[in-house]
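Colleague: Whole structure, please, built from the sequences with the hints as guidance.
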Amino acid sequence: MKFQNPAEEAAMPTYRIIDADGNVVDQSRDPSSTPAEEIIQWYRNMLTVSIMDLIMFDAQRQGRTSFYMVSAGEEGIAVGSASALSPDDVCFLQYREQGVMVQRGFTLKEMMSQLFANKDDNGKGHNMPVHYGSSKLNVHTISSTLATQIPQASGAAYALKMQRLINPNVPPRIVACYFGEGAASEGDFHAALNIAATKSCPTVFICRNNGFAISTASIEQYKGDGIASRGMGYGIDTIRVDGNDFFAVREVMLEARKRALEGDCRPILVEAMSYRVSHHSTSDDSFAYRAKREVEEWKRRDNPITRLRKWMEKKGIWDEDKEKEARASIRKDVLREFAAAEKLKKPPLRSLFEDVYEEITPEARTHMKELKELIEKYPNEYDLSPFEGGLKSLQ
Amino acid sequence: MKHIPRWKRPQSLVITPTPTLSRTTTTTTTTQFPQSQCRRYVSQGQGQRRRYASASPAASSQRRLNVPIDFATSPLLHQTSKTFGRTPGLPAGADLEATGGSQRLNLYQAVNAALRTALAESSKVLCFGEDVAFGGVFRCTMNLQDEFGPDRVFNTPITEQGIVGAAIGMAAEGARPVVEIQFADYVFPAFDQIVNEASKFRYREGATGANLAGMVIRMPCGGVGHGALYHTQSPESLFSHIPGFKVVMPRSPSQAKGLLLSAILQSPDPVIFMEPKILYRAAVEEVPNALYTLPIGQAEVLKPGADVTIISYGRPLYTCSAAIEAVEKERPDISVELIDLRTIYPWDRPTVVKSVAKTGRAIVVHESMLNYGVGAELAATIQDQAFLHLKAPVKRLGGWTTHTGLAWEKLIFPDVTRVYDAIHEVLDY
Numbered sequence: 001m002k003f004q005n006p007a008e009e010a011a012m013p014t015y016r017i018i019d020a021d022g023n024v025v026d027q028s029r030d031p032s033s034t035p036a037e038e039i040i041q042w043y044r045n046m047l048t049v050s051i052m053d054l055i056m057f058d059a060q061r062q063g064r065t066s067f068y069m070v071s072a073g074e075e076g077i078a079v080g081s082a083s084a085l086s087p088d089d090v091c092f093l094q095y096r097e098q099g100v101m102v103q104r105g106f107t108l109k110e111m112m113s114q115l116f117a118n119k120d121d122n123g124k125g126h127n128m129p130v131h132y133g134s135s136k137l138n139v140h141t142i143s144s145t146l147a148t149q150i151p152q153a154s155g156a157a158y159a160l161k162m163q164r165l166i167n168p169n170v171p172p173r174i175v176a177c178y179f180g181e182g183a184a185s186e187g188d189f190h191a192a193l194n195i196a197a198t199k200s201c202p203t204v205f206i207c208r209n210n211g212f213a214i215s216t217a218s219i220e221q222y223k224g225d226g227i228a229s230r231g232m233g234y235g236i237d238t239i240r241v242d243g244n245d246f247f248a249v250r251e252v253m254l255e256a257r258k259r260a261l262e263g264d265c266r267p268i269l270v271e272a273m274s275y276r277v278s279h280h281s282t283s284d285d286s287f288a289y290r291a292k293r294e295v296e297e298w299k300r301r302d303n304p305i306t307r308l309r310k311w312m313e314k315k316g317i318w319d320e321d322k323e324k325e326a327r328a329s330i331r332k333d334v335l336r337e338f339a340a341a342e343k344l345k346k347p348p349l350r351s352l353f354e355d356v357y358e359e360i361t362p363e364a365r366t367h368m369k370e371l372k373e374l375i376e377k378y379p380n381e382y383d384l385s386p387f388e389g390g391l392k393s394l395q
Numbered sequence: 001m002k003h004i005p006r007w008k009r010p011q012s013l014v015i016t017p018t019p020t021l022s023r024t025t026t027t028t029t030t031t032q033f034p035q036s037q038c039r040r041y042v043s044q045g046q047g048q049r050r051r052y053a054s055a056s057p058a059a060s061s062q063r064r065l066n067v068p069i070d071f072a073t074s075p076l077l078h079q080t081s082k083t084f085g086r087t088p089g090l091p092a093g094a095d096l097e098a099t100g101g102s103q104r105l106n107l108y109q110a111v112n113a114a115l116r117t118a119l120a121e122s123s124k125v126l127c128f129g130e131d132v133a134f135g136g137v138f139r140c141t142m143n144l145q146d147e148f149g150p151d152r153v154f155n156t157p158i159t160e161q162g163i164v165g166a167a168i169g170m171a172a173e174g175a176r177p178v179v180e181i182q183f184a185d186y187v188f189p190a191f192d193q194i195v196n197e198a199s200k201f202r203y204r205e206g207a208t209g210a211n212l213a214g215m216v217i218r219m220p221c222g223g224v225g226h227g228a229l230y231h232t233q234s235p236e237s238l239f240s241h242i243p244g245f246k247v248v249m250p251r252s253p254s255q256a257k258g259l260l261l262s263a264i265l266q267s268p269d270p271v272i273f274m275e276p277k278i279l280y281r282a283a284v285e286e287v288p289n290a291l292y293t294l295p296i297g298q299a300e301v302l303k304p305g306a307d308v309t310i311i312s313y314g315r316p317l318y319t320c321s322a323a324i325e326a327v328e329k330e331r332p333d334i335s336v337e338l339i340d341l342r343t344i345y346p347w348d349r350p351t352v353v354k355s356v357a358k359t360g361r362a363i364v365v366h367e368s369m370l371n372y373g374v375g376a377e378l379a380a381t382i383q384d385q386a387f388l389h390l391k392a393p394v395k396r397l398g399g400w401t402t403h404t405g406l407a408w409e410k411l412i413f414p415d416v417t418r419v420y421d422a423i424h425e426v427l428d429y
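These protein sequences, in sequence, are chains A and B. Going by UniProt numbering, the first residue of the first sequence is number 1, and it counts up by one from there. Going by UniProt numbering, the first residue of the second sequence is number 1, and it counts up by one from there.
One or more hints might be untrue.
Said to hold, decoys possible - In silico SDA-like links for lysine to any residue, alpha-carbon gap of 20 Å or less: (1) Lys200/B <-> Arg365/A; (2) Lys372/A <-> Glu388/A; (3) Lys354/B <-> Pro362/A; (4) Lys354/B <-> Thr381/B; (5) Lys200/B <-> Ala364/A; (6) Lys345/A <-> Ala207/B; (7) Lys369/A <-> Pro350/B; (8) Lys109/A <-> Ala207/B; (9) Lys258/A <-> Pro172/A; (10) Lys200/B <-> Thr145/A; (11) Lys82/B <-> Pro68/B; (12) Lys200/B <-> Pro172/A; (13) Lys109/A <-> Thr145/A; (14) Lys346/A <-> Glu325/B; (15) Lys200/B <-> Tyr15/A; (16) Lys200/B <-> Glu388/A; (17) Lys369/A <-> Asp384/B; (18) Lys200/B <-> Glu358/A; (19) Lys372/A <-> Pro348/A; (20) Lys200/B <-> Glu359/A; (21) Lys136/A <-> Gly209/B; (22) Lys324/A <-> Arg44/A; (23) Lys258/A <-> Ile236/A; (24) Lys354/B <-> Glu363/A; (25) Lys200/B <-> Arg44/A; (26) Lys369/A <-> Gly209/B; (27) Lys372/A <-> Arg350/A; (28) Lys109/A <-> Thr208/B; (29) Lys258/A <-> Tyr15/A; (30) Lys200/B <-> Met128/A; (31) Lys200/B <-> Ile360/A; (32) Lys345/A <-> Ser393/A; (33) Lys200/B <-> Ile236/A; (34) Lys200/B <-> Val356/A; (35) Lys354/B <-> Arg365/A; (36) Lys200/B <-> Ser215/A; (37) Lys369/A <-> Thr381/B; (38) Lys329/B <-> Gln62/B; (39) Lys369/A <-> Asp348/B; (40) Lys136/A <-> Thr208/B.
Don't read these hints as lab results, they were simulated from the structure.
Modeller: Shown next as structure tokens:
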């Protein structure tokens, strides 16, 4: 009789291509053959996320937006994995994957419109900042509820598979689903992986294990070998990857995508290890539960952006001047779109009642009328100047 | 052994058979039940045993109100196809001949027919849930996997949040998933997916235009005679408190087919489709064979009247109909209007308000609990919009505010006596 003791098992290894100094450690996957301009674009996309983070964090502190969440330290996971996807692939995000949006082509203007909830916002002013979405880019709009997107991703992948069964001319597509290690404790994670495995859904589940769920360290989140060890229990091909290693994330994702579409299709679980160097959100001061020294050490020791930069410098495709130029031009672009988005009006009042159902219900119409009459009766009590079209839209 | 006196089995103790109630014994018992109506079933299969009754059999001979509903003569069912014309949306007359006629189906067979029609009509329709593949614990998905294949009709692991979550993802990518929650009582693990995700999906997607058209969550609901705490619930008011879903409950086979087809093939919004499981076998009527749809969001005036309006939906409509018959027999000078709400949310306010403005009296009847129930919303709207017409306070009848204890089910839900008494009460106010 032998009880299997997880503590006696070796931890699942972490896949890596380059080390913290930018040296290639897996020669079989040397990224050198990739055209330099592609690598530079990926790097710039990571920089864009990082620079926008700083600006928007400060903007929230100044009260110019209501909320923000940075993704410092996790730019590599988002941009690296998204770089391996086809534009037709469908994405479900948690909220710390701005890099996926940037990599897929979400413009700074679109981002800022969402953050300021102005009239051009895809979400029509309905959602909190950072809850991006774009049908053009096949990214479903983010919701705050943790892990709910995971079973949705299983279902969406099943639908994509069925589309191909019905019409083989449809290009093969997967669903990429992102979540943190804290969200993986939700029941929806369990439901999703089990359904994806039993119904052979081409879903790639990407867990960002950054060590913290707000204040809860992973030691209080689970007792097993991270999230990756669970994949095996569901019968899912699984890999753990160094999330600070852009190339490793990208290669893993390319392979995961390929495997997900093989044969009758199947789900894949990727656990990308990183460290949340930022606060959880603008509503959180993380030094209340962890030492500043620890964070500073992580920032200094390792980070996906500096790691890729070191590799690029070694290859001779990047240098200090290019870095300065890139940072300055990105910063300028971000500030320009920031200023433009901030000036735009909010969506019309009518948008408050739209999209609950396809058609505004008779009940909602009476609410619109009542709101209009109330504002007309007490015009000095309401400031309608921020809203496009003022009271007129409430017809 | 002591001789058991041969008392005539009181009709009031008859329970409508349900194939299976326990989630743990779902595979074998379903086919043992004859296809016929409940009374025959009971006389054949249940022998002399008293089961789950709440009242003394000795008193039953005195009863005239709380006697079993005779579905075979109920005016609420299309006993022949000749009455199709009175239900807008049902193919009647020449239409019916051209589209393949009609046949007698019970409610589960009508649901099955609707699912079959929908699966045949659109390759986007998918049908899944727990134990759906072998036909479902209530037989609603019988033979569908054989006909449409395991890719389109399949079992899922036992995870309600997973079933609804997956359906959202499928609908978001253009499929039309019709999922089954085995009992409405077990929908609560999926509440987050229903309330926070599916209900808000179109709203948060905004200008991206993504939506969940064609997503339908089916669930058997309501009392069944012996369902106790977890096989009797009717959570429609909980769904109706959150905008985003349309909440529908049919009362009959023809309605079930038309409304379900409308939900699957035409609705631009997700639909929660609640099937009163006590009617699965009990309610039998002619159902057109064609693909037809009934409008979601519209109530149906089942019986015109001048003095009281009763608004109900699902199973209690039969209770109301029996009570109305009893009252009208006693008081030939009065007449009661009966309205089937059909869609519980968003509901047909104009039809209800217009009726109450005419009659001046209203009673709302449902099985689910009174507190914060559907009746509260209706009563509040009626007093708001028909205040000057009211001759009596709006009366609400619902399940008592307790849980459905096994031994007392018949005392908990509104019965014919309660509705009968309420009609007199509002008439004599």
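Colleague: Would you mind confirming whether the straight-line C-alpha gap from Lys200/B to Pro172/A stays at or under 20 Å?
Modeller: 29 Å, violated
Colleague: Does Lys258/A pair with Ile236/A here, judged by a C-alpha cut-off of 20 Å?
Modeller: 14 Å, holds
Colleague: Could you grab the alpha-carbon distance between Lys200/B and Ser215/A and see if it respects the 20 Å cut-off?
Modeller: 29 Å, violated
Colleague: Does Arg350/A sit within 20 Å of Lys372/A, going by the straight-line distance between their CA atoms?
Modeller: 10 Å, holds
Colleague: Is Lys136/A close enough to Thr208/B, meaning Cα to Cα at most 20 Å?
Modeller: Satisfied, since the Cα-Cα distance of roughly 8 Å is no more than 20 Å.
Colleague: Need the status of pair Lys369/A, Thr381/B: alpha-carbon distance at most 20 Å?
Modeller: 17 Å, holds
Colleague: Next pair to validate is Lys109/A with Thr145/A; report whether the Cα-Cα distance is within 20 Å.
Modeller: Outside the cut-off at roughly 26 Å; violated.
Colleague: Does Asp348/B sit within 20 Å of Lys369/A, going by the straight-line distance between their CA atoms?
Modeller: Measuring from Cα to Cα gives roughly 19 Å; hence the hint holds.
Colleague: Quick one, are Lys200/B and Ile360/A close enough, alpha carbons at most 20 Å?
Modeller: 14 Å, holds
Colleague: Would the pair Lys200/B and Tyr15/A pass a check requiring their Cα atoms to be no farther apart than 20 Å?
Modeller: 39 Å, violated
Colleague: Are Lys354/B and Pro362/A close enough, with their CA atoms no more than 20 Å apart?
Modeller: 15 Å, holds
Colleague: Lys324/A and Arg44/A were given as a pair; does the straight-line alpha-carbon distance stay at or below 20 Å?
Modeller: Distance ~12 Å between Lys324/A and Arg44/A Cα, so the pair holds.
Hint compliance for this structure: hints 11, 12, 13, 14, 15, 16, 25, 26, 33, 36 are not met, and every other hint is.
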